[in-house]
Amino acid sequence: MTEIAPDAPAAAGSIASSQDSRGFNALRFAWAAALRELRGGLAGFRVFLACLILGVGGIAAVGSVTTAIERGLAAEGQSILGGDAALTFSYRFASDDERAWMAERGKVVEMVSMRSLLRKDEERALAEVKGVSAGYPLYGEALIAGGGDLLETLRPVDGVHGIVTERVLAQRLDLQPGDDVKVGGGTFVFRGVIEQEPDRASGGFAMGPRVLTSVEGLREAGMLQAGVLFEAGYRLKLPETGDLDAIEAEFEQAFPEAGARWRDRRNAAPGINRFVDRLGAFLTIVGIAALAVGGVGIGAAVRGYLTRKVPTIAALRTLGATAGTVFSIYLIQIGMIAALGIAIGVSVGGGVVALLGPVFAKDLPVPAEFTLYPAPLAEAALFGALAAMLFTLWPLAWLRRVKPAQLFRNAVDPQQIWPGWQIVLALVLLAAALAGAIIGLSTTPKLAAWCLGGIAGAFVILRLLGWMCARVARTLSHSSLAQRRPGLRLALGAIGAPSAGTPGVVLALGLGLGVLAAIAQIDHNMQKLLKDQLPEDAPAFFFVDIQSAQLDPFRAQVMGVDGTERLETAPMLRGIVTELNGVPAKEATIDPAGAWVLRGDRGVSYSATVPTGVAITEGAWWAEDYSGPPLVSIAEEEGRELGLSIGGSVTVNILGRPITAEVANFRKVEWRGMGINFLMILSPGALAGAPHTHIATLYADQDAEAPVMRTVSRNMPNVTPVLVREQIDTVSESLGKLGTATRWGALAVLLTGLAVLIGTAAAGEERRTSEAAILKVLGASRRAILASFALRAALTGAIAGVVALFWGSLSAWSVMNYVFDTPFTLPLGSTVAIILGGAALSLLAGLGFALGPLRRKPARVLRTAAG
Amino acid sequence: MEPLVRLDRIGLTLPSQAGDVEILKGISMDVAPGESVAIVGPSGSGKSSLLMVLGGLERATGGTVSVLGQDLTEADEDALAALRRGRVGVVFQSFHLIPTMTAIENIQVPLEIAGHDDPVARASEMLAAVGLADRARHYPAQLSGGEQQRVALARALAPGPELLLADEPTGNLDGETGTQVTELMFDLARQFGATLILVTHSDVLAQRCGRVVRMSDGRIAA
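Chains as they are written, first to last, in the working numbering: chain B, 4 to 870; chain Z, 8 to 229.
To be clear, the hints were calculated from the coordinates, so they are not data collected in a lab. Errors might be hidden in some of the hints.
[Stated by the list, open to error] So, partial list: chain B residues that the calculated Cβ filter (under 8 Å) puts toward chain Z:
hint	residue
1	E774
2	L781
3	G782
4	R785
5	L789
6	R866
[Said to hold, decoys possible] Partial chain Z-side listing against chain B, Cβ under 10 Å, derived:
hint	residue
7	L58
8	V60
9	R66
10	T68
11	D78
12	E81
13	G93
14	L104
15	E112
16	I120
17	P126
18	D174
The structure displayed is predicted, hence computed values, not measured ones. Where a beta carbon is used, it is the ideal one built from N, C-alpha and C, also for glycine.
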C-alpha cells in the first residue's frame, strides 16, 4: 500500500498571509457555494419572485405611463397651449397698448371662451363656446369632419356666422349641416363636427361639449357686452430663441395692473399636469404598498428556504465554515434571485407600457409619448432592491446567530431567534432609506409621506390583529367549542400554530382587501354625497350673465313657473388676487391649502347688507349706506389660509383695475351646499361703475326644470342656465372613472396578497399531507379531512376579510371625515363582499393545495416521514 | 374460529424511478383473535409494507386480504378508513402525533371520529393508563420521544380496537425507554384483548410474542 506523507507544517511567517487569504477565500468560497446551490433551480423561490415582480413591475408601469404623458404634454406644449405663450383676461379684451406690445413680440391670435346655451328648435344644451380669430391655430391643426379649413367653415355667409360642434352635441341636438342654431342671443348656422381641436386640453374642466365659432360672430350676437362672463385669450407665436421668463417679466413690468394670467408652452395644461402628477404619485404609493405586501411573502419564502436548508447549513458549519461565511452564501443567493426578480419586474412593467401604450395612445385624452424611459425603471428597481433587502435581512440574520447544536437537533425556527442589534440597526437604516427614496423621488412628497405613514401603520395594526387572531384560534381549539369536533379543532389549531404563517396571511390579504375596501367605500360615500345628499340641498339651476335690467323680469318669469320654490341672486364679477397685506401674492407666505385661491380668477360680489343665511364669525358688516374706502368680507377658512386677519388687506384686480380692500369680517361659507357663495364680498362702493352681470340660483322641483329652461332660453337668450343635476352627474361620472382607475391600482396590492396567500398555502402542503395521512389512519373519511382543510382556509380568509374591513373602513371614515368633512356610512354590500371575498380567495388557495395531500397514500407519507 | 386476519397469496408491487419493485411476493398467513405475532426480518424484506397492507394503509396488488371479516382487496379509501375507525389501532416508529394538538386532544381524535360518548373522559383514562396524566395539556414538541410514543399508544388503544398494529414501536427510543414502552404495549393489549401484530428488528421483542414470522425478500421465510 502506498504511504501518503502528511502535509508539511506551515512556515511561521506565512500565518499572517494565510489569515488575509482566508478572508479573501471565504468570499470566493461563498460565491462558489452560492452558485452551486442555485444549480438546484429556483423552485423554492416562486412566491419570492412573484411578489417582487408584481411590486416592481407595477411601480415601473405607473412611472412609465406618467412619464410618457408628461413627455407628451411637454413635447406638444405649443399645440396644447395653442402658442408659445398665452395671456388671458377676464371680462375684457386686451387694450390697444397691450395688443401692440404682443404684436411687437410675435404673431398673435385672439380667442374668446364662455359658456352658453345652444338651441335648435326646442332642444337645448349647455356648451363651452369658443370664438377664434384669423390665424388660429398657431400650432397644430384643427380638423373638421369631412375635411375643410376651420376658419373658412366659420366665415359668415349672408351675414350668418358658422359654428362647428363636438360630435356628441351634434348628435344630441340632431344637428345637420345648414341647420340654424341659436347661441346666446345670436343665430348661427351649423356647418360640421370638430374632429380635432389642438389646444382642447389646455381648456380645463368643461361643463359642456365644445362649440367653435368666430370672435366676430360672438361679438355680433351681442354675447361679449361689458360685464358678461367671458375670457379673452391671446396666443403668441414667439421666436424660437425667445426667453419665456424674460418676456413674462417684461409684460408684468409694462402692465403691472393688467390682471392678466400668463402661461407658456412649458406648462401648457397645468390642470392636467397636476392631475397626472397626483394620480401617478398615488398609484406609485399603491405600487409600493403592493411591494410592502410582497415583502411579507419575500420574508416568508426566505424563512421557508432557510428552514429547508438546515441540513446543508449544519454540514457547512461542521466542515469549518463560519457563521459569517454561511450568511454570505445565502445573502449572495438571495441577492441574485432578487436581482433577477427586479430585472424581470422592470422589463415587464416598462416593456408592457412601451409596447401597448402606442396602441391605446389614440384613445387617451392627452398626448403621450410611449417608449422605454430609464428613470422610472431605475426608480422601481431601487424601491425593489431596498424592499427586498429590508424583508430578507431579518430571516438571513438568523444564520449568524444560530448555534450548530440547534441545527443538529433540528430545533430551529428562524422567526424565534433575535437577530442582534447590528441587524436591527441595519433594518432601521434600510427602512429610512426606502422611505427617504420614496418621499424624495415623489412629485408630491407630503402625500407620499402621509401614505407611507398610513401603510406603516396598517402593517403594524394588521400584523398585531393577525397575531391576536392566531392566539384566539389557538385558545378556541382547546375550548369546549372544539370538543367532539376534531375537524374544527384541527382547523383552529392549524390557524393558531406559530408555523402556520397566519399573521403574515392576514397582513398580506388584509392589506390588499383593505385597500380595495377603502377605495370602494370612499367611492360609495362620494357617490352618495353627489347623488343623494348634494341634490337635496343643491339648487336646480344656476343662471349666469343676467343683466341688471333683466333682474326683475327674470324673477317674475322664473317664479311664475309651477314648482319653483326660491330664487336667489347676486352681482358677479371675477378678479385675480394680486396682493395680500400689501405683499405680491406670488411672494406671500400662505398655507398650501389656500393656494387654489391665487390660481386663476375668483368670483367676487358686493352687497350692502349681510346676505341671507350668512354667519359672521369675526368682525362686523359695514353699514348699509357705507361709502368709505373698500371693505371686504372673506370666507373664514380661506382667509386664515391666506394669512389674513381683521384689518389686513387684499388687492383684487378686476377688469384691469386693482382694488385694495380692508378685511372687515370673516364669514362661514358652506361650499358643499352649492348655493351662491363668494370667497370675497366687497362693500358696494368699491365696484362703482364696473360693468357686471348677475348670477342666480333657483330651487325647484325636477318637473319644473324643463319649463324653466324653455322660458329663460326663449325670453332671455343671453342668460345661460346650468342644470345642476347634469353637472353633478358629469362629476359623478368622472369620479366613477377615477374610482375605477384607483381600483385597478388596488388590485395590484390584492394580487400580491394572493401571491403571499398561495405561497403560505404551498408551504403548508407538507404538513397537511402528514395530517391527512394520520387522520386516515385514525379512521377519518376523505370528506371529513377535506372539510377540515376547507374550514381552515375559509376561516383564515374570513379573518383577513374582517381585519381588512376594519382598517379599510377606518381609512375610508378618516378620509370622508377629515378630508371631505362629510358623514360616513358603511355600505352593507361591499362589507359582506369583502369578508366573503377574503374567505373565498383563501378557500380556493387552500383547496388547491389540499387535494394533493388527500390523494397521497398514507403508507407512503408516513414511511417517508419516518425517514 | 374464524381468523381475525387472513392473507392469501398477496403481492405488492410499487412503482419507483427505477421501475416497478415487487415488495411482497405471494404471502399467505392467518392470525387468530387474541394472538400476538412478531414479524421480523432484515431491512427491505417487506415487513413494514406487510403491516401497512394489514392496516388497509396500503392496497395489495395481488391476492386477497381479509381483516376483521372484511375483504380489503377492492375496498376504497373511505371504506378502509371506516374499517380502522375504532377497530384497528396503529403505532408508528415516528409516533406521528398531530403537532397542533395537546396530548389529550391527540387521544380524543379517534374517539371523536368513532363517535364515542365521552371522548374526554376516555382520553383522560388512557393518558393516566400510560402514566402521563400530568402532561395532558402539553404539545408533542414538549414531550420526550418515549412520552410521545406512550401518547401514540394511548391514542391507538383508546377506542378499544380488536387489532393493534405496531411498526417498530421502539425504533426511535433508547433501550430503557423502549423497554418501558414495550411493557406498556403488551400490558394494554392484553387488558383490551387486542390481537397484536408488530414489526421489529429486535429478537428480544419478537420473543415476547406468541408467534414469530420471519420475512426475507418479500416472502415469509420457511
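For this structure, which hints from the list above don't hold up?
Hints 5, 10, 11 and 12 are the ones this structure does not satisfy, whereas the remaining hints hold.
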